[in-house]
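Visitor: Take a look at the letters that make up each chain.
Number of protein chains: 2
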Amino acid sequence: MALIGVLGGMGPLATVDFMRRVVELTHARCDQEHLPMIVANLARTPDRRRAILGGDIDPLPALLAGIDLLNRCAVDAIAIPCNTVHHWYPQMRAHSTAPIVHIGLASVAALPAGIRQVAVLATRGTLVSGFYQAALQARGIEPVVPPAAVQRDIDASIDFVKAGDIGEGASRLGRALATLKRRGVAVAIMACTEIPIAALPLGDTSMTLIDSTQELARAVVAFAAERGWVRAA
Amino acid sequence: MALIGVLGGMGPLATVDFMRRVVELTHARCDQEHLPMIVANLARTPDRRRAILGGDIDPLPALLAGIDLLNRCAVDAIAIPCNTVHHWYPQMRAHSTAPIVHIGLASVAALPAGIRQVAVLATRGTLVSGFYQAALQARGIEPVVPPAAVQRDIDASIDFVKAGDIGEGASRLGRALATLKRRGVAVAIMACTEIPIAALPLGDTSMTLIDSTQELARAVVAFAAERGWVRAA
Numbered sequence: 001m002a003l004i005g006v007l008g009g010m011g012p013l014a015t016v017d018f019m020r021r022v023v024e025l026t027h028a029r030c031d032q033e034h035l036p037m038i039v040a041n042l043a044r045t046p047d048r049r050r051a052i053l054g055g056d057i058d059p060l061p062a063l064l065a066g067i068d069l070l071n072r073c074a075v076d077a078i079a080i081p082c083n084t085v086h087h088w089y090p091q092m093r094a095h096s097t098a099p100i101v102h103i104g105l106a107s108v109a110a111l112p113a114g115i116r117q118v119a120v121l122a123t124r125g126t127l128v129s130g131f132y133q134a135a136l137q138a139r140g141i142e143p144v145v146p147p148a149a150v151q152r153d154i155d156a157s158i159d160f161v162k163a164g165d166i167g168e169g170a171s172r173l174g175r176a177l178a179t180l181k182r183r184g185v186a187v188a189i190m191a192c193t194e195i196p197i198a199a200l201p202l203g204d205t206s207m208t209l210i211d212s213t214q215e216l217a218r219a220v221v222a223f224a225a226e227r228g229w230v231r232a233a
Numbered sequence: 001m002a003l004i005g006v007l008g009g010m011g012p013l014a015t016v017d018f019m020r021r022v023v024e025l026t027h028a029r030c031d032q033e034h035l036p037m038i039v040a041n042l043a044r045t046p047d048r049r050r051a052i053l054g055g056d057i058d059p060l061p062a063l064l065a066g067i068d069l070l071n072r073c074a075v076d077a078i079a080i081p082c083n084t085v086h087h088w089y090p091q092m093r094a095h096s097t098a099p100i101v102h103i104g105l106a107s108v109a110a111l112p113a114g115i116r117q118v119a120v121l122a123t124r125g126t127l128v129s130g131f132y133q134a135a136l137q138a139r140g141i142e143p144v145v146p147p148a149a150v151q152r153d154i155d156a157s158i159d160f161v162k163a164g165d166i167g168e169g170a171s172r173l174g175r176a177l178a179t180l181k182r183r184g185v186a187v188a189i190m191a192c193t194e195i196p197i198a199a200l201p202l203g204d205t206s207m208t209l210i211d212s213t214q215e216l217a218r219a220v221v222a223f224a225a226e227r228g229w230v231r232a233a
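Each protein sequence line maps, in turn, to chains A and B.
Residue numbering for the first sequence follows the numbering used here, starting at 1 and increasing by one per position.
Residue numbering for the second sequence follows the numbering used here, starting at 1 and increasing by one per position.
Bound-form chain A, shown alone (with noise of 0.2 Å):
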């Protein structure tokens, strides 16, 4: 049976948006042309961001018990929409029966040809660890990670969204996004899935964005439809 694995919960809101973007993805004219999944929405997964820059619990093993469930219940592939997450991608893939599909390397191969710069709208945890820059700098493309000030913002932005608050993520959000434009930034990956919640009220921001659950959404929907499962809207 055709069954794609969602990991999810990180965060919540980030989870239902991405799950929104497969079906709208997906052309189906009744309930059995969708595509079946199973989502894991395990929100009590311990601080990604925290645990990456120092000291605070491991979430490698509630991620893996994650990834055995979604294998249990004999899923053909699993995407996670969370990026910080991916931080941990090369244990899960080497744990994981069936494949993860990479959001960072979804979302940079999405970006157009000829682009020399690219800013990178994540979390502090996602920076330092480091996968978009690397994955940029393989396409010859110049990472811009923001300066601390607009970091702030961008963190606020993540945390408002988390805790249900999106006009207050939306504002933070614009405010990072008009100083990176100040600076000459024309280009950025929203390298966060809260971010593209945020920004949906911003409406135009004059700047080319790279949504990063909308790449996986999309990269998921391709999987499913170069198998016959379902086909792409």
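Don't read these hints as lab results, they were simulated from the structure.
There's no promise every hint is true.
Some, not all, of what chain A presents toward chain B, calculated at C-beta under 8 Å [unchecked claim]:
no.	residue
1	10
2	12
3	20
4	39
5	73
6	113
7	115
8	163
These stretches of chain B come out as covered by chain A in the derived footprint (C-beta under 8 Å, 3 or more residues) [unchecked claim]:
no.	region
9	90 to 104
10	171 to 179
11	215 to 225
So these bits of chain B aren't anywhere near chain A, every CB distance computed over 10 Å [to be verified]:
no.	residue
12	140
13	183
14	233
Note that the coordinates shown come from a computational prediction; the quantities given were computed from them, not determined experimentally.
Yeah, the Cβ is synthetic: ideal placement off N, Cα and C, and Gly gets one too.
For chain A, the structure is supplied; the task is to place chain B on it using the hints.
Guide: Coordinates of chain B only, in the frame set by chain A:
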């Protein structure tokens, strides 16, 4: 571990809508204060409406397989954001270790006191099954089953949402509600989880509409809050 099971995918967008409401009804300041859920988004389950109306593939084996999958994940309770499936509630309940929150009983319990007559906006399968009429009559409320022309618009509205066309779903639902209102209906239960999705773009309909998706989400968050797993918003 606190864990809610969701038997979903019927339809997929309604499941996403249900999950979003659970997240929004939970008062959480960070990911870890949200409610862990396992969501079996089993979109390929055979058509429930046609099975009740006669002659089509029996969906019960697929439903019980979904219930088994959730019980194997050791869920504490199960929610099913699809009203029609509750035709098989007795069989699923007898089969499941975890209790199953009944969407119809939660919705009828949400009706304010003193109401005499309530229209049931549902699939033909749900109406033939009759569990909403029985629950309303048990509260001394007269159920109103829409006349044939209105039911055709309700059926079409549900099908448009399942196919991703929210605009046309809203247009058909709006026409159905306008006709019911002219016939003196003041209160209705949106007793199909596609209908609240179609109702959203309509804005104020000047009718009292009970939303079965919202009432199921409220019942789940209340179940978890009573056990100290989350704080209700």
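Visitor: Does each hint hold? Answer for all of them.
Guide: Evaluation of the provided hints:
1. 10: Status holds, d = 6 Å.
2. 12: Since chain B brings a Cβ to about 4 Å from residue 12/A, closer than 8 Å, the hint holds.
3. 20: Since chain B brings a Cβ to about 5 Å from residue 20/A, closer than 8 Å, the hint holds.
4. 39: holds, 4 Å
5. 73: Where the cut-off is 8 Å and the nearest Cβ of chain B is about 6 Å from residue 73/A, the hint holds.
6. 113: violated, 31 Å
7. 115: violated, 32 Å
8. 163: Where the cut-off is 8 Å and the nearest Cβ of chain B is about 5 Å from residue 163/A, the hint holds.
9. 90 to 104: violated (count 0)
10. 171 to 179: With 0 residues closer than 8 Å to chain A, the region 171 to 179 of chain B misses the three-residue bar; violated.
11. 215 to 225: Result for this restraint: violated, n = 0.
12. 140: holds, 35 Å
13. 183: holds, 30 Å
14. 233: Given a closest Cβ separation of 8 Å, the condition is violated.
Taken one by one, the earlier hints fail for this structure at numbers 6, 7, 9, 10, 11 and 14, listed in ascending order.
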